[in-house]
Each structure stands twice: as C-alpha cells, then as structure tokens.
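Visitor: Keeping the supplied structure of chain S fixed, place chain G upon it in accordance with the hints.
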Amino acid sequence: MSDSSTDTRTDSADPVLSLRGVTVRFPGVTALADVDFDLRAGEIHGLVGENGAGKSSLIKILTGVYQATEGEVHYLGEQVSFATPGDAQDAGIATIYQEVDLVPLMTVAQNLFIGRAPRTRWHTIDFTAMNERAKDVLADFGIPVDPTTPLQRLGLGVQQMVAIARSVSQDARAVIMDEPTSSLEAAEVDTLFEVIRRLHDRDVAILFVSHRLDELFRICDQVTVLRDGHLVHSGPLDELDRGGLVAKMLGRELVGKQTQQRDHDPDDHDDRPPMLEVSGLTRMPTLDHVDLQVRPGEVLGLAGLLGAGRSETARAIMGIDTIDEGTVTIDGQPLRTGRPRRAVAAGVALLPEDRRSEGIIPDLSIRENIALAALPQLSKAGVVSESAVDDLVDSFMQRLDVKASGPDQKVRELSGGNQQKVMLARWLCVEPRVMIMDEPTRGIDVGAKVEIRELIDELAEQGLAIVLISSELDEVVEESDRVVVLRDGEVAGRLEGERVTEDELMQVLASGGDEQ
Amino acid sequence: MSEATADESGRDRAEMARWIRDRGVYVALAALFLLNVVVTNNFLSVGTISLQLVEVVPILLVSLGLALVIGTEGIDLSVGSVMAIAAGVLPLYLGYGWVAALIVTLLAGAVIGLLNGVMVAVVGIQPIVATLAVLVGGRGLAQVIAGGRQVRITDEGILALARTRIGGVVPLSVLIALAVSALVAWIVKRTVFGHQLLAIGGNRKASVFSGLPVRRILIGVYAASGVLAALAGVLATARLGASDTPNVGQLIELASITAVVVGGTPLSGGQVRIVGTVAGAVLMQLLTATFIMNNLPYTWAQMIQAGIIIAAVYIQSNRT
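Chain order of the listed sequences is S and G.
Sequential numbering from 7 applies to the first sequence in my numbering.
Sequential numbering from 80 applies to the second sequence in my numbering.
Derived from the structure by calculation, the hints contain no laboratory data.
One should not assume that every hint holds.
[As the list claims (entries may be wrong)] Derived SDA-like pairs (lysine to any residue); straight-line CA-CA distance at most 20 Å:
id: 1; chain 1: S; residue 1: K254; chain 2: G; residue 2: A96
id: 2; chain 1: G; residue 1: K284; chain 2: S; residue 2: D509
id: 3; chain 1: S; residue 1: K416; chain 2: S; residue 2: S371
id: 4; chain 1: S; residue 1: K409; chain 2: S; residue 2: V456
id: 5; chain 1: S; residue 1: K455; chain 2: S; residue 2: S477
id: 6; chain 1: G; residue 1: K268; chain 2: S; residue 2: V390
id: 7; chain 1: S; residue 1: K416; chain 2: G; residue 2: S347
id: 8; chain 1: G; residue 1: K284; chain 2: S; residue 2: G344
id: 9; chain 1: S; residue 1: K254; chain 2: S; residue 2: D509
id: 10; chain 1: S; residue 1: K254; chain 2: S; residue 2: K455
id: 11; chain 1: S; residue 1: K386; chain 2: G; residue 2: Q395
id: 12; chain 1: G; residue 1: K284; chain 2: S; residue 2: P368
id: 13; chain 1: G; residue 1: K268; chain 2: S; residue 2: V456
id: 14; chain 1: S; residue 1: K386; chain 2: G; residue 2: G299
id: 15; chain 1: S; residue 1: K254; chain 2: S; residue 2: E392
id: 16; chain 1: G; residue 1: K268; chain 2: S; residue 2: D396
id: 17; chain 1: S; residue 1: K409; chain 2: S; residue 2: D396
id: 18; chain 1: S; residue 1: K455; chain 2: S; residue 2: E467
id: 19; chain 1: S; residue 1: K416; chain 2: G; residue 2: Q395
id: 20; chain 1: G; residue 1: K268; chain 2: S; residue 2: D414
id: 21; chain 1: S; residue 1: K254; chain 2: S; residue 2: K409
id: 22; chain 1: G; residue 1: K268; chain 2: S; residue 2: Q513
id: 23; chain 1: S; residue 1: K416; chain 2: G; residue 2: A96
id: 24; chain 1: S; residue 1: K416; chain 2: G; residue 2: L346
id: 25; chain 1: S; residue 1: K409; chain 2: S; residue 2: G422
id: 26; chain 1: G; residue 1: K268; chain 2: S; residue 2: P413
id: 27; chain 1: S; residue 1: K416; chain 2: S; residue 2: Q404
id: 28; chain 1: G; residue 1: K268; chain 2: S; residue 2: S391
id: 29; chain 1: S; residue 1: K254; chain 2: S; residue 2: D414
id: 30; chain 1: S; residue 1: K416; chain 2: G; residue 2: G299
id: 31; chain 1: G; residue 1: K268; chain 2: S; residue 2: K141
id: 32; chain 1: G; residue 1: K268; chain 2: S; residue 2: E392
id: 33; chain 1: S; residue 1: K386; chain 2: G; residue 2: S347
id: 34; chain 1: G; residue 1: K284; chain 2: S; residue 2: S477
id: 35; chain 1: G; residue 1: K268; chain 2: S; residue 2: V389
[Said to hold, decoys possible] Just the calculated beta-carbon pair ranges, DEER-fashion:
id: 36; chain 1: S; residue 1: Q383; chain 2: G; residue 2: L130; range: 41 to 51 Å
id: 37; chain 1: G; residue 1: R97; chain 2: S; residue 2: P124; range: 48 to 58 Å
id: 38; chain 1: S; residue 1: D142; chain 2: G; residue 2: L333; range: 31 to 41 Å
id: 39; chain 1: G; residue 1: L333; chain 2: S; residue 2: E464; range: 36 to 46 Å
id: 40; chain 1: S; residue 1: E392; chain 2: G; residue 2: Y393; range: 30 to 40 Å
Here a beta-carbon is modelled for each residue, glycine too, at the ideal position from N, C-alpha and C.
So here's chain S without its partners, still in its complex pose (with noise of 0.2 Å):
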C-alpha cells in the first residue's frame, strides 16, 4: 500500500512541527500508535477520521495538553517536550478550539490583548494605545470590527476570527484549528477561510480539523488520516477524489464485501401508514429540511459521516433542540417538538449516543434507573408500587440477561454493554412505538454487542417502529431495511430492498457536495 508514505514533497522546506513513532496510551486504550507526522511552513493541512480516530489526541501532544508515552516530537527541527498548553503557546503554537476561549464579556480589543495589554507609565493599562493596535490587526485580517465592542455582541463567526487574530498576533508558526467551522453559518466559513488564506500568505503552518468533506477539499493542499489511533495516510490532497478519502477514513475500498441485509422483506411494511414520519425538518446550521418516514415494524437505518446531522435529527425530533421549522408526526397526530417530555408522552424513546452523560443516572441502582421512565405508571395517586416496580425490573433484567450482582447494584458500576441494556429496558417498560437508538453498540463488547443487536431485530418483529444511528457500516447494512444517509445536515441519498448493501453506502457516503 502506498498510503502510508509519508511525504512526497521531498522539496518542501523542514517541518515546523513533527511527530516521530508518538504513542499515546491511557489505561486500557491506546489513543495514538507509532504515529509519523509533519507540518510544514505555508502548508494548509487537513486531519480527518473519524470518532475516536485519535485527532484530538494528536492535537493535544502537538499542543501540551497530553505528553506522549513513547515517540518524540520536534519543533523547528529541535525535541522539545511541552509540559502544559501555555508552554507550547509561548513556543508560537496557536490553538483555536471549537468553542470560542475567550472573555465574552470583555472588549475585542482586550480579548486581543489578554495578559499582554500595552501599559501606561502607572502601569495601568493604555486603553488608547491598545485600542489602536488592535484596530491594526483586525484591519490586518480584514475583520470589520470596532476594537472597543464588547466580544459577546458579536456573532459566533467573528468571536472565532477574533480568537485566530488573537492567537496569530502572538508570532504564532503554526496554527492548529480544532473544527473551526462546526459552529459557523456558510458566510462566516467563507470569511474564515479568507482569514486563513492570509495566514497561509505568512507562511504560517496551519493544522484544519474538520469534518466537512467539502471544507477541506476547498482549502486545504495536505492531508493526513487517522483511524483506531493510527495514521493510514498522509500526502497532497489532489491525489485523492473524495471517495478515495472516505474510504480511508472509514477502512474498506468501495469494492468492499457485500454484507447480507435482514432478511425482512421490505414490502411487508409498504402498505402502513408510518408510524414516525418527519418532513422538512431544520435546525440551522445542522439541519436543512430532513425527510425521513418508519413503519411500524421497520428498522430505518440513519448513516453519515461525523457531523453530517445523525445525533442532531435525534435530538430535534425528540424535542432536546429547538427547530425551526418542519413536522414530526406519530401515528399521524402531530408531535409537538420542543420539549422530550411531550415526545415520551407521544410513544417516542430515544437511547442517546452519550450514555454516561445523558442517559444512566449513575448513583441510583439498576432498579431505579429501569423503572425511572415508567414510574408513573408503577404507581396510585404518587405512590410508588415496589411490588409492581420490583416485578417489572425482574423480567427486564432476565430478558435482556443484565450481569449484576442484583438489582440493587449501582449503574455506575456496570459494565457498557450492561448499562446501554438498562438504558433499553427504561424505555421498554413504557412501551415506546417510536425508538430512537444513536449508537446503540458504541464503546460495549462483542457479546453485549451482539446481543444487542438481536433484540433491535426482536423488537422490530414485534412492531416498534426503529430508527438505528449508527458509524459502523456494517451494523447499518446489517440490521436496516432502508437507509437514510446525512451530509452536512441535508439527505444525500436513500437506500432501499436490493440497494442497502456496504458498497452502495460507501457510494453515497464518498459522493456529494459537488453537484450542488
């Protein structure tokens, strides 16, 4: 294979930055393995893979955040070794995170200045004096902003410019962009990468996260991949189409093994009505006008790259985002977005992909956490029934063969697999008709994974209307009778009967945006 030469550009200058056999481990999981890698001066370099791909680990060697456990890393052609973030900031090592790191409160001009401000003979600060500088730099990077505005009037866009201009103006020699862009409106992205462009001009080394295919085609003239904590390519970007690229990053060529689809003939569902049926479902800048339609019985398969709009539709048909406009029925009466308790009330469950977070409560026992959704029903006027909650929780934890020391052990304590399936039986004591599952085998064992995915097929036999998120192409492939596939918050293709196969997935997947 030829992917995994490291460079072909033998006439470039030395790297700025580089990694040499870096490994990263934490107890149980090795985050980065072996990994080569160099950013050069005046390049614009794109890190791409996907969740868990080991990007943000090699962002946080490069940056001090995390020390490598093996391996070694250079800069400006010396070893160096960053001990903390604010090492490696001093060194000209700018970061721009996702989320703005800056002091909405206080004046752009301030925020340019923080910890650095121009001083008068009092030793107090020289407003005057920063106020003009920092109108130098705006103007520098053609931001049309006055210096004196308070940051948090200003939109996410410009907040994000206004960090680059800040972490630039410090003599920065690389700059590393944490997805920059996932918070922005298509204007802002064009600015940003104007602001960009200009850096590149300076011959600033430029590290862009991003999964936005399109984004990185459009500015980007190195790239580098990264999957299960290993680098699998890094070249120019113009030898790659974009489905050479998913195909990297996803491991499988498009002429991949065919894998054989639930054997669910997809005709038994056509003649219901839908039990879930969305339609022009939007949430700026994530969502734009999503259709999607489950029968009951159905398992309807949502896939997509990171950050194409999965986790996002979830959400917004379970009313924990706001949209802005579309519909949501169940069983044709409207649903009400806008709050989860209307959307529990109307049948629909969902098992989020952040289980810890937003899904165990993690002190409270198996038993409380099985009868949490249900307890209304377990119970005469408020009073909780035990024997009925106690009974309940018994035939659950026998069905879905949870591995406790009882029922009163704490979910906390549980292994993944044990917890996603007492996240399961929480909504099917309620008897959802609806179920939403966003990831529902990430980060559990083989077995429990299998086990899993039995009871999504039980449960459709039994006439649950499912919608299955979901990275692993295979499980889509596998389990769905139709596949919906998301790029950058739009339907970009759907799958049904005979053409719900990996290869024709992969299709999709790696096709896109440039039509449009």
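Guide: For chain G alone, coordinates are given in the frame of chain S:
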C-alpha cells in the same frame, strides 16, 4: 507488598470511608451523648434532654426541606427569611383563629418557595443566586409585613404548640418535628415525586431525556422547603411568645446546611438521607449545648463545628 494486598487495603479503606460516611454521624452523636453523661451535671434529666430537643426543632424542620433541595443539586439560602415572613404573617391572621392563621402562614411559605422554584427551574437562575436574593429581600418584606414592631403573641392555640407536653413529658413541637421527618422520609422513599427528585439530582440531563417533569419537580421541592421553613417560623414564634421578624431564623441556613451535609447527604445531589439529617441537626445542637452547659467558651464550639463540616465534606469526596 504484593499487588493483591495493596488492592485489598485499598478496598478496605474505601469500605471504611463508606462506613464512616453512612454511620459516622450516629457514632459521633452517640459519643457526644456519652461524653455529656459523664461530664455534664444533670445531663440525664428530662428537663435537659427535652430542652435540647425543643431547641433543635426549627433547625431540623428547615434541614428537612434543605435536604430535599440539596438532593436535586440545589440550595435554598432563603429559609431564614421565610421563617421571618412566617413570623410576620402569623399575627395578622390570628383574628380568624389559630388554625386559619397557621394555614395562611404555611401558604405564604409555599408562595415564597414557588418563587424560588420558578426562578431556578423556569428562568434558569442558579439556585444559590436566586435564593440569596430572597434571603436578602425576604427579611425586608417580613419587617414590612410586621410594621417593624415585635408583636406579642397571646393566642392560646399557637402558644400551646410550644407549651404542650404530651403525657406531661414529651414536647408537642418535638413530636411534630418527628412526624414531619417521617413524612419527608416516606416521600423520598415511596413516592414518584421522591424518586424523580433523586433522579434529577443524580443526572439532570438524563432526567430531561427520559421525559421526567423536571420543572414541576424542582418547583415542588423549593415549595416544600418554603412550607417547612414557614412551619419552623411558626414554632419558633410560638416558643418565643412573640413575632420577632428581625431576628428569627438568622443564620439558620448555615446551621441547616451543616446538619444536612454532616448527616451524609452529598451536596452534589442524587441522594437524600433523612435519618442522617435528623442526627446531624441533633449533633450540631448538642455540640453547642455541651460547651454552654459546661461553661466553656462558645467560640470553641464554633471552631469544632467548622472542623466537623470539613471532615464531613472530605469523607463525601472519597466517593467509591
């Protein structure tokens, strides 16, 4: 040392920390009780013991409400001012009979609690800020209601709350406090409200996602805290025989938070220990009394209380 034994001693220590967290307050209370039996003259008399119990009633009632609020990862600093408002409202309605006056006063506490709850659950103000505002403003409101005067209470019904001794021995107010404690414990253990409030304190996001009526529960919890504080205000007023709006319940929020925390309820929410809270309130009262009864400087009691608070929070932070 082999790995196995290191592991074991680690587990032993974790288990010991849990044991101290769960039972420490009872052990400390028993030890202090025994100490008093030995060193304090006349400690084992009906008069001394019942005086201690009567003293602890307002703190205990307020602590019960606070335990619920703290269980939701919140805090209620307004309790002392709610007591003052209760003291101010009570005499205004005694003309309609003491039962009517009591009901109106408890309702006033509920209204202030609702205000706290709405600020926290609907407007989204941090509990410490919302209830601090009511702490400050509530005391002022109480004095406006009372017209800035101390009003003597002559209503026999109210005074009887403080003076009646069941069987000539057990003070009625102590029985009321015990009954309310049992009721609150039952609510936490057995009702949907109780289960949901623990879930909200344990993981608010997950509770929202699971369709729990989070706002309603939070508002209910603050309202309950308001009612309990108003009841504490009524009993304190009855004992004093006067409505003392400037002084009643001053700093009681601090004593009550101490009682709740020492009783093993973590400030991080998700757990409520009612029996522990009762023991915590009695422990802090007895500690103060020990110094006073033995003519030792009260300042020392304050410093020991500080030590106990830090120890209690430290033990809780060793979560396993």
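Visitor: Taking the hints in turn, state whether each one holds.
Guide: Hints, one by one, checked against the model:
Between K254(S) and A96(G) the alpha-carbon distance is near 50 Å, which puts this suggested pair outside the 20 Å criterion. Between K284(G) and D509(S), the direct Cα distance comes to roughly 38 Å. Violation of the 20 Å bound is thereby established for this hinted pair. Between the alpha carbons of K416(S) and S371(S) the distance comes to roughly 4 Å, so the proposed pair stays at or under 20 Å and holds. About 15 Å separates the Cα atoms of K409(S) and V456(S), which keeps this hinted pair within 20 Å; it holds.
A threshold of 20 Å between alpha carbons decides the hint, and for K455(S) with S477(S) the separation of about 14 Å falls inside it, so the pair holds. Distance hint between K268(G) and V390(S) is fulfilled; the C-alpha atoms sit about 9 Å from each other, no more than 20 Å. For the hint linking K416(S) to S347(G), the alpha-carbon distance of about 16 Å falls within 20 Å, and the restraint holds. In summary, the hint linking K284(G) to G344(S) is supported, as the alpha carbons are separated by about 15 Å, within the 20 Å threshold.
Of the supplied pair hints, the one linking K254(S) and D509(S) holds, its CA atoms being roughly 14 Å apart against a limit of 20 Å. Note on K254(S) and K455(S): the hinted pairing is violated, with a Cα-Cα distance of about 25 Å set against a maximum of 20 Å. Straight-line distance between C-alpha atoms of K386(S) and Q395(G) comes to about 35 Å, which puts the hinted pair past the 20 Å bound. Under the criterion of a C-alpha separation no larger than 20 Å, the hint pairing K284(G) with P368(S) is consistent with the structure, at around 12 Å.
Between the alpha carbons of K268(G) and V456(S) the distance comes to roughly 37 Å, so the proposed pair goes past 20 Å and is violated. Straight-line distance between C-alpha atoms of K386(S) and G299(G) comes to about 19 Å, which keeps the hinted pair within the 20 Å bound. With a C-alpha separation of about 53 Å, the suggested pair K254(S) and E392(S) falls outside the 20 Å cut-off, and the hint is violated. The suggested pairing of K268(G) with D396(S) holds, with an alpha-carbon distance near 14 Å, which does not exceed 20 Å.
Between K409(S) and D396(S), the direct Cα distance comes to roughly 17 Å. Compliance with the 20 Å bound is thereby established for this hinted pair. Our distance criterion of 20 Å between C-alpha atoms is met by K455(S) and E467(S), whose separation comes to about 19 Å. Proposed proximity of K416(S) and Q395(G) is supported: the alpha carbons are some 17 Å apart, at most 20 Å. With a C-alpha separation of about 14 Å, the suggested pairing of K268(G) with D414(S) holds against the 20 Å cut-off.
Restraint check for K254(S) and K409(S): the C-alpha separation of about 37 Å exceeds 20 Å, so the hint is violated. The straight-line distance between the Cα atoms of K268(G) and Q513(S) is roughly 55 Å, outside the 20 Å bound, and the hint therefore fails. Our distance criterion of 20 Å between C-alpha atoms is met by K416(S) and A96(G), whose separation comes to about 17 Å. Our distance criterion of 20 Å between C-alpha atoms is met by K416(S) and L346(G), whose separation comes to about 19 Å.
Proximity of K409(S) to G422(S) is assessed by CA-CA distance (about 11 Å); at most 20 Å being required, the pair is judged to hold. Of the supplied pair hints, the one linking K268(G) and P413(S) holds, its CA atoms being roughly 16 Å apart against a limit of 20 Å. For the hint linking K416(S) to Q404(S), the alpha-carbon distance of about 17 Å falls within 20 Å, and the restraint holds. At roughly 11 Å between alpha-carbon atoms, K268(G) and S391(S) fall within 20 Å of each other, so this suggested pair holds.
For the hint linking K254(S) to D414(S), the alpha-carbon distance of about 46 Å lies beyond 20 Å, and the restraint is violated. Between K416(S) and G299(G) the CA atoms are separated by roughly 27 Å; this puts the pair beyond 20 Å, and the hint is violated. For the hint linking K268(G) to K141(S), the alpha-carbon distance of about 62 Å lies beyond 20 Å, and the restraint is violated. For the proposed pair K268(G) and E392(S), the alpha carbon gap of about 10 Å is at most 20 Å, so the pair holds.
Straight-line distance between C-alpha atoms of K386(S) and S347(G) comes to about 30 Å, which puts the hinted pair past the 20 Å bound. Among the hinted pairs, K284(G) with S477(S) is inconsistent with the structure: their alpha-carbon atoms are about 24 Å apart, more than 20 Å. Between the alpha carbons of K268(G) and V389(S) the distance comes to roughly 9 Å, so the proposed pair stays at or under 20 Å and holds. In this structure the hint that Q383(S) and L130(G) lie 41 to 51 Å apart at CB holds, the actual value being about 49 Å.
Separation of R97(G) from P124(S) is about 56 Å and conforms to the stated range, judged on CB atoms against 48 to 58 Å. Against the hinted window of 31 to 41 Å, the Cβ-Cβ separation of D142(S) and L333(G) comes to about 53 Å, which falls outside the hint. Restraint check, L333(G) to E464(S): a C-beta distance of roughly 55 Å breaks the suggested window 36 to 46 Å. Between E392(S) and Y393(G) the Cβ separation comes to about 35 Å, which falls inside the hinted range of 30 to 40 Å.
In summary, the numbered hints that this structure violates are 1, 2, 10, 11, 13, 15, 21, 22, 29, 30, 31, 33, 34, 38 and 39.
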